[in-house]
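Q: Chains as they are written, first to last, in the working numbering: chain A, -4 to 244; chain B, 843 to 1009.
Hint data in this document are derived by calculation from the structure and do not stem from the laboratory. You may find that some hints are simply not true.
Footprint (simulated), chain A over chain B, 3 or more residues, beta carbon under 8 Å [stated by the list, open to error]:
hint, segment
1, 848 to 854
2, 857 to 867
3, 874 to 880
4, 960 to 968
5, 985 to 991
6, 995 to 1003
Idealized CB from N, CA, C, for every residue including glycine.
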Amino acid sequence: MTRLDDEILMRRVDGELGPTEAAAVDAAAEADPTIAARIAALRRTRTAAAGAFPAATDARDRDLARMIAASRRPSPFEGIGGALAEAFAPRRAVIWGGLATAAFVGGLALGPLLGGRSEGLRVEGGALADAGLVRVLDTRLNADGADGAGRSVGLTFRDGEGRWCRTFQAAEAGVAGLACRRDDGWAMQVLAPMAPSSGDIRMAGSDTPEAVLDVVDATIAGETLGAADEAQARNGGWRQRSAGVSRQP
Amino acid sequence: MDEFQTGLVDLLPRLRRFARVLRPHDADAQDLVQQTVERALASRSKFRDGTRLDSWTFTVMRRIAIDEGRSILRWGRVVAAEDDATVRVADPSQADENLRADALAARDAIHALPDDQRHAVALVLVEGLSYAEAAKVLGVPAGTLTSRLVRGRQSLIQTLAEQGVTG
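With these hints in hand, go ahead and build the complete structure from the sequences.
A: Given below as structure tokens:
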């Protein structure tokens, strides 16, 4: 049974298929006992997982409930910085998209666009010219977290042409983006504002704006790398895989 | 209590359940729940009406868990996997006796999955989130979530079959 088969069957079990596709899977299962058995096995993982972790009440929840009840509602002004930032930086907004590359003849410092934050990112002709961020993309691993300037990498994967792409965050500039390897540098694919960063729930590099994820979805071939493969790709100098070679598993 | 507070209290059993998938040891899971509640309260001004409180709070918990994982890596601490017997003796409060042998086998099999797959399994199979919601909580593309879920499930099917668990 291939992974693709399992994926479709799994989507059927989880109610993630449209009615037409679901009916097609059901018809196939009716005609083929192997498929029916596989569906049953996948369905069992759902019941097994739910049975393994029942949602039980716990005596310690009472203390937590007291703590929650005693908490203060924040004043309307406490959240205003975040609310303003969100109003001016909607999650799907894109500061800079790859299609605009041709429009940039000279250099572009993105700092002034970002509400006067001190540090900008330099992009020249679509290539990333910010030495600090280039270094982070060249050398840093996801597990390293952020460097001293709040720069970190998120997902690493190959595009359809076998080039390496990495998402990143640059906290001081207030942006997150996706850059793909081109020649000896990194070409910016998309740049978007990070969600409001004043808050305490932000952790270095642990989330990526939806606008960037959308471009990742459109760019990715295969899957994002785990920690070991990521280190191997870095140590290999981010070499492009030649066209026509089959994908790594 | 206002709606946010009531919602958070109602979520406690699910938060504890998610924490138990992320952290096999009861004391660690409890720490994670506590930190998540504290951070959710401190960050409530960032919660927007119309957002699902469960997804939002799971995201908070996942970030804390990831950050802890990073600091463990950074400090080079070695976390030795204790054997199951030790864990159970050390965690009498975990109400294991109420779980059937099959459920225990399933729990061990889920804990044995790589983190990425375990998180996907926890959100979709245990917490019942849609693929799109789970992908959002984990901050990964939808396709990545799906392939992690497939691989996690394939391992579970194999492990449970080897142990003769029929569900």
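Q: Each hint: holds or not?
A: Do the hints match the structure? See the list:
1. A count of 3 residues in the segment 848 to 854 of chain B with a Cβ less than 8 Å from any Cβ of chain A is obtained; the coverage claim is therefore met, three being the minimum.
2. With a threshold of 8 Å between beta carbons, the proposed coverage of the segment 857 to 867 of chain B by chain A holds, since 4 of its residues qualify and at least three are required.
3. Remark: the segment 874 to 880 of chain B is confirmed as covered by chain A, as 4 of its residues place a Cβ nearer than 8 Å to a Cβ of that chain, reaching the required three.
4. Counting residues of the segment 960 to 968 of chain B whose beta carbon lies closer than 8 Å to any beta carbon of chain A gives 5, which meets the minimum of three for the stated coverage.
5. Only residues whose beta carbon comes within less than 8 Å of a beta carbon in chain A count, and the segment 985 to 991 of chain B has 5; three or more means the coverage holds.
6. Counting residues of the segment 995 to 1003 of chain B whose beta carbon lies closer than 8 Å to any beta carbon of chain A gives 6, which meets the minimum of three for the stated coverage.
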